[in-house]
Amino acid sequence: MIKWFAKVHWLLATAAVLSLLVGMWLVLAAPQDYQQGNAVRILYVHVPAAKMALLSYVVLTIASALYLWRRKEMWDILAEAAVSVGAAFTALTLASGSIWGKPMWGAWWAWDARLTSMLVLLILFMGLMALRNALDDPHKSARATAVLALIGAADLPIIHFSVVWWRTLHQPPSFDGPAKQTITGELLPPLFVMSLAFFLLGMWLLVLKSREIAARRQWEAVETERLERNHA
Amino acid sequence: MPDYSEYVLSVYLLALLLLGGPAFVWLRRLQQLRRQLQAENKDLP
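Protein sequences appear in the order of chains A and B. Take the first sequence: its position 164, counting from 1, is numbered 164 in our numbering, and each next residue is one higher. Take the second sequence: its position 12, counting from 1, is numbered 12 in our numbering, and each next residue is one higher.
So here's chain A without its partners, still in its complex pose:
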């Protein structure tokens, strides 16, 4: 899989940059919202970033389950990459939501179910990074992080349904298929293109980080081999 990653690396990067350029052009051309004004343009970053944060955790969950089942290193590499990528998207989701919340809600933060469950996701990603670095034995750390990742997956449905299960300050989904659309059609094209651009960007980051981890592990193996040779 890592060899296949090397093949799609630059293709994904090019597709991500091109779609981001088209997305940004649509964002600038889109009309202002009648209530939010220009602040609606924050949502073209916030919503795709949130989707990618959750998708990163889905990738992490699948890779962790496959690692525990098959014990193949490539699944552990993918899981480690998904943690780094997911943490970046989650941090962006929380920060952009907070910056949007100040002018719209009058507060940077509220202990609302959606915001809190998203903060738990960021803490989970950081905890997974800390756990991996805390254990010296690479097999033990891979197993421990995979188990913690599977336990943490319980946060995903809580994040998704938080705005349905509880009365929250965060609004319910604005677009849940054409039948449940509460957003005006003029704002949808930039949202869709930015979502596609963030998806391609997220996939590229995942591929890039996976390659970097695989190269680092190979280098560590070379170093260990050299040390053993010197001691012999």
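What the hints contain is simulated information worked out from the structure, not anything from laboratory work. No residue lacks a Cβ here, since even glycine has one placed at the ideal position from N, Cα and C. Hints should not be assumed to be uniformly reliable.
[Unchecked claim] Derived, one-sided and incomplete: chain B residues facing chain A with beta-carbon distance under 8 Å:
(1) Met1
(2) Leu13
(3) Leu16
[As the list claims (entries may be wrong)] To be clear about the criterion: a stretch of chain A counts as covered by chain B if any three or more of its residues have a C-beta under 8 Å from a C-beta of chain B, and this derived list gives those stretches:
(4) 55 to 69
(5) 197 to 208
(6) 218 to 225
Guided by the hints, dock chain B onto chain A, whose structure is given.
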């Protein structure tokens, strides 16, 4: 209605920093590791 442009600009700059920053660091590290591995006559995995 207030303009809110400064809020919008700060979000887009933050996106550049939070996503572009790690991408830049990972790319640099990958290039550095490639050079180190090549010096040992090994290819990237």
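Check your understanding: Going back to the hint list, which numbers does this structure go against?
Key -> Of the numbered hints given earlier, those the structure breaks are 2, 3 and 4, listed in rising order.
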